[in-house]
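J.: Next come the chains, spelled out residue by residue.
Number of protein chains: 2
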Amino acid sequence: MFNDFQITEGRPVYIQLKEYLKRMITNGHLIEHQKLPSTRELSSLLSISRNTVLTAYADLEQEGLIYAVKGKGNFVSHVETFKSPSIQLNWSEKVNEKTFLAEELDLMKHRVRWNKEMISFTSIAPDEKLFDVENFKRAFLNRLSIEGDIVLNYGYAKGYKPLIDYLLHYMEIKGVDTRNKDILITNGFTEGMDIILSSFNKKSGRVLCENPTNDSALKLFRLNGFEIDGIDMEDDGINVQKLKSCLANKEYDFAYFIPSYHNPTGIVTSSQKRKEIMDLFSDYQVPIIENGFNEELRYSGSHLASLASFAGQSNNVIYISSFSKILFPGLRIGWILADKELIYYLESMKRARTIHTSTLDQAVLYQYLNDGYFEKYLKKAKSVYKKKYELTVQACKKYIPYKRMTGDGGLHLFIELVNHIDSRELLKKCTERGVVFLPGNVFHTDNSGNHTLRLGFSRLSEKEIIQGIQIIGDTIKNHYGG
Amino acid sequence: MFNDFQITEGRPVYIQLKEYLKRMITNGHLIEHQKLPSTRELSSLLSISRNTVLTAYADLEQEGLIYAVKGKGNFVSHVETFKSPSIQLNWSEKVNEKTFLAEELDLMKHRVRWNKEMISFTSIAPDEKLFDVENFKRAFLNRLSIEGDIVLNYGYAKGYKPLIDYLLHYMEIKGVDTRNKDILITNGFTEGMDIILSSFNKKSGRVLCENPTNDSALKLFRLNGFEIDGIDMEDDGINVQKLKSCLANKEYDFAYFIPSYHNPTGIVTSSQKRKEIMDLFSDYQVPIIENGFNEELRYSGSHLASLASFAGQSNNVIYISSFSKILFPGLRIGWILADKELIYYLESMKRARTIHTSTLDQAVLYQYLNDGYFEKYLKKAKSVYKKKYELTVQACKKYIPYKRMTGDGGLHLFIELVNHIDSRELLKKCTERGVVFLPGNVFHTDNSGNHTLRLGFSRLSEKEIIQGIQIIGDTIKNHYGG
Numbered sequence: 001m002f003n004d005f006q007i008t009e010g011r012p013v014y015i016q017l018k019e020y021l022k023r024m025i026t027n028g029h030l031i032e033h034q035k036l037p038s039t040r041e042l043s044s045l046l047s048i049s050r051n052t053v054l055t056a057y058a059d060l061e062q063e064g065l066i067y068a069v070k071g072k073g074n075f076v077s078h079v080e081t082f083k084s085p086s087i088q089l090n091w092s093e094k095v096n097e098k099t100f101l102a103e104e105l106d107l108m109k110h111r112v113r114w115n116k117e118m119i120s121f122t123s124i125a126p127d128e129k130l131f132d133v134e135n136f137k138r139a140f141l142n143r144l145s146i147e148g149d150i151v152l153n154y155g156y157a158k159g160y161k162p163l164i165d166y167l168l169h170y171m172e173i174k175g176v177d178t179r180n181k182d183i184l185i186t187n188g189f190t191e192g193m194d195i196i197l198s199s200f201n202k203k204s205g206r207v208l209c210e211n212p213t214n215d216s217a218l219k220l221f222r223l224n225g226f227e228i229d230g231i232d233m234e235d236d237g238i239n240v241q242k243l244k245s246c247l248a249n250k251e252y253d254f255a256y257f258i259p260s261y262h263n264p265t266g267i268v269t270s271s272q273k274r275k276e277i278m279d280l281f282s283d284y285q286v287p288i289i290e291n292g293f294n295e296e297l298r299y300s301g302s303h304l305a306s307l308a309s310f311a312g313q314s315n316n317v318i319y320i321s322s323f324s325k326i327l328f329p330g331l332r333i334g335w336i337l338a339d340k341e342l343i344y345y346l347e348s349m350k351r352a353r354t355i356h357t358s359t360l361d362q363a364v365l366y367q368y369l370n371d372g373y374f375e376k377y378l379k380k381a382k383s384v385y386k387k388k389y390e391l392t393v394q395a396c397k398k399y400i401p402y403k404r405m406t407g408d409g410g411l412h413l414f415i416e417l418v419n420h421i422d423s424r425e426l427l428k429k430c431t432e433r434g435v436v437f438l439p440g441n442v443f444h445t446d447n448s449g450n451h452t453l454r455l456g457f458s459r460l461s462e463k464e465i466i467q468g469i470q471i472i473g474d475t476i477k478n479h480y481g482g
Numbered sequence: 001m002f003n004d005f006q007i008t009e010g011r012p013v014y015i016q017l018k019e020y021l022k023r024m025i026t027n028g029h030l031i032e033h034q035k036l037p038s039t040r041e042l043s044s045l046l047s048i049s050r051n052t053v054l055t056a057y058a059d060l061e062q063e064g065l066i067y068a069v070k071g072k073g074n075f076v077s078h079v080e081t082f083k084s085p086s087i088q089l090n091w092s093e094k095v096n097e098k099t100f101l102a103e104e105l106d107l108m109k110h111r112v113r114w115n116k117e118m119i120s121f122t123s124i125a126p127d128e129k130l131f132d133v134e135n136f137k138r139a140f141l142n143r144l145s146i147e148g149d150i151v152l153n154y155g156y157a158k159g160y161k162p163l164i165d166y167l168l169h170y171m172e173i174k175g176v177d178t179r180n181k182d183i184l185i186t187n188g189f190t191e192g193m194d195i196i197l198s199s200f201n202k203k204s205g206r207v208l209c210e211n212p213t214n215d216s217a218l219k220l221f222r223l224n225g226f227e228i229d230g231i232d233m234e235d236d237g238i239n240v241q242k243l244k245s246c247l248a249n250k251e252y253d254f255a256y257f258i259p260s261y262h263n264p265t266g267i268v269t270s271s272q273k274r275k276e277i278m279d280l281f282s283d284y285q286v287p288i289i290e291n292g293f294n295e296e297l298r299y300s301g302s303h304l305a306s307l308a309s310f311a312g313q314s315n316n317v318i319y320i321s322s323f324s325k326i327l328f329p330g331l332r333i334g335w336i337l338a339d340k341e342l343i344y345y346l347e348s349m350k351r352a353r354t355i356h357t358s359t360l361d362q363a364v365l366y367q368y369l370n371d372g373y374f375e376k377y378l379k380k381a382k383s384v385y386k387k388k389y390e391l392t393v394q395a396c397k398k399y400i401p402y403k404r405m406t407g408d409g410g411l412h413l414f415i416e417l418v419n420h421i422d423s424r425e426l427l428k429k430c431t432e433r434g435v436v437f438l439p440g441n442v443f444h445t446d447n448s449g450n451h452t453l454r455l456g457f458s459r460l461s462e463k464e465i466i467q468g469i470q471i472i473g474d475t476i477k478n479h480y481g482g
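Read top to bottom, the protein sequences are chains A and B.
Counting along the first sequence from 1, when you hit position 155 you're at 155 in my numbering, and nothing is skipped either side.
Counting along the second sequence from 1, when you hit position 120 you're at 120 in my numbering, and nothing is skipped either side.
Hints may be right or wrong, so weigh each one.
List of simulated lysine-lysine pairs, DSSO-like, C-alpha gap at most 30 Å [what the hints assert, rightly or not]:
(1) K379(A) <-> K244(A)
(2) K109(A) <-> K137(B)
(3) K35(B) <-> K98(A)
(4) K174(A) <-> K203(B)
(5) K158(B) <-> K379(A)
(6) K72(B) <-> K83(A)
(7) K202(B) <-> K83(A)
(8) K116(A) <-> K250(B)
(9) K137(B) <-> K129(A)
(10) K35(B) <-> K83(A)
Calculated directly from the structure, the hints in this document are not laboratory data.
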């Protein structure tokens, strides 16, 4: 007994001893009225200080796990170790269709497995090597010294007030008319989207969006029971003629657009098309959900206003965004900017579902933004990503036989292969050679896109980018001819 | 022009200037080809350094908002300021019944308004004055120096591995058999509960719980469309006879219990009753959701095993908990311990809804727990809260004419008033005298509890506790007789 007690570094030894003994008591390995070794004995047996044993015993006594008898030592208290008759429920019978669907649509679970030695173009998360950890620490310490106690206690469902104010200002600077608008802070873009979708009345039960579109939105449309009509993308944005004919022929509860660095195609919707879209939607009075995805990662070109900005005083655009893809995705902070009345309702849904988003994360992000670290970081990130972007474009031009390649910036390119090469088949072959990417079909609304793929380059080195694309090109050559 | 430019402290001036100009450009106050003041002029006009203006101009140029003409100066670029025809959607027509219900059940929006000068017994959040901000900072810096880049990037839906392992160990120490169990980290108890409820198959569509029970669970039952059967509480826990007869007579999808420091009654379910409950549920094969609420805040008495512990190898208990009510609610971290297969499904729902819980929060909490700060803090918190608890009990005995008072620890007491005094009516009168509390009806499953109230004392000073309870007692005397 006691000889399996092992000390882990970095955790107070008295706690480890206490937990070790507590476990033996709650498991029934030490039984009621059993005498524990004296503090002297145990300290010598385990080669730890007697004080450590004393503290552990005192804590155990305080928790009612042992009792002391003066002059006699410490004994184990009565602890219930009864276990109820063993039953095994079949949990897969207890979960509903929506949950099965969530599992089925869970790309992380079902995509090709890869390991760290491989070159992976699957991610469009920022490169953590770029992270500005030092200034993040500074922002943290700064905020905590200002109001550490408040930051660590409950906050409000709508969000942390200084961050809300900052973001309202941030949107105003971009030309958005924020009068009669409000902001709800969410656990990233995903929660924002899910709250909106689960709050919407289904009149037609139908949503209009770009085809392809980002997989997490697609998943949420499906999980929330919406039918999806996807409209294909031209090089300057959605096909407006088709959009018009959809709106003219069917009812829609809302439309969903990603005008800036569309995911997955990387296409930036032109100013002209943005205007046409906004005019159309004013006519049809259909609400728009705009995903502000990576608007900040524009490497060149003139300023482009968001749909929320074109909307002016209209209240038909719900703008969702986050800095996750640029700054710190680990923080899970996004926001919804929308009509005040709508935010009022969404706030109650947010409160019911998660009470509020981490005040700590919001407060530190606020401080980081306010102190100007974001601006500095963005410049650095842009220059690094721009270089990787250009390199990826060049390498694709050189090695990959594509029918179409799109991507005007951001952290990924989208490719349509020649000769209807199936990208899932290609992926299998590339995986064997140590390269993975995302086949484009997962982004499509209509089971198409079988010969497309998305290449995320943000987390790869320049060497890996070239090598990886070379391997993809090589694999195509070997299996499908040159 | 430019004379409304005002500098806010704590934010780099070049960013403020850039944003000021950007706003004027996107708003159309500065128009295409308009010449900007020279850097020299503007620096002198605004009394800021010329370098500041140079940096702001360079940034604006980089963003495509201005252009430089050599030898002539800086000019405003073409920026689209078109606004689509103004339309106003009626958002209240677009949100669904569930959202209206969430708004209706949103206690934060509809409860009595109070201000900071008043004495509020409404909260059962921890007292932020107790917060151990210094050690929290230490844990943060410690973790960030170990793996700052990882902590700030995307994590996994299931949670941060070191925290999951810590919590599995934590539950084992409490006597829980964790074989074939797993953990999902959630945004606090609330998200955990909501994910479970929205994942369950509704066979009977009915849930069994204690009456009263905590309002956030009640709200989620209702929002997820469950019928609720509440069973009243005896001083040692739920009325087991009634529980038995319910199970014998109706089908239930699951039961929900708060055996430790039941919210709102503060009752601790006895070991004997826990065994009886577990035996019953083994017979009926109905799953149990156990809320581990404040198990840690036991001020006295012997060790009590959780239902999850009594379950042994059975897989019928879903245990949800969080340290929010003790440690840092601002962090929003909770966990679900349950059968491995169930967690596998819930993980996909979690990923679909919020991707994952803040890695930063999880990592810092892990470090704080692992370094032993939690143990130390808990001792301090217990001694402070115990004193407040005893004081509240004494004051209630002295001043409030109650029929029943319950609360064996934790951060609140529950009172049933004599003579069927309506607690909502009493609340109105007390509010006028500067004291607020939560009327107990909001916790009841069946519109009863009109003469009950919950007194949360955690965030009040000893003086406020006595004064507040005196005022409640006084008000009762004045309006309902002594």
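J.: What hints, given by number in increasing order, does this structure fail?
T.: Structure breaks hints 1, 2, 3, 4, 5, 6, 8 and 10.
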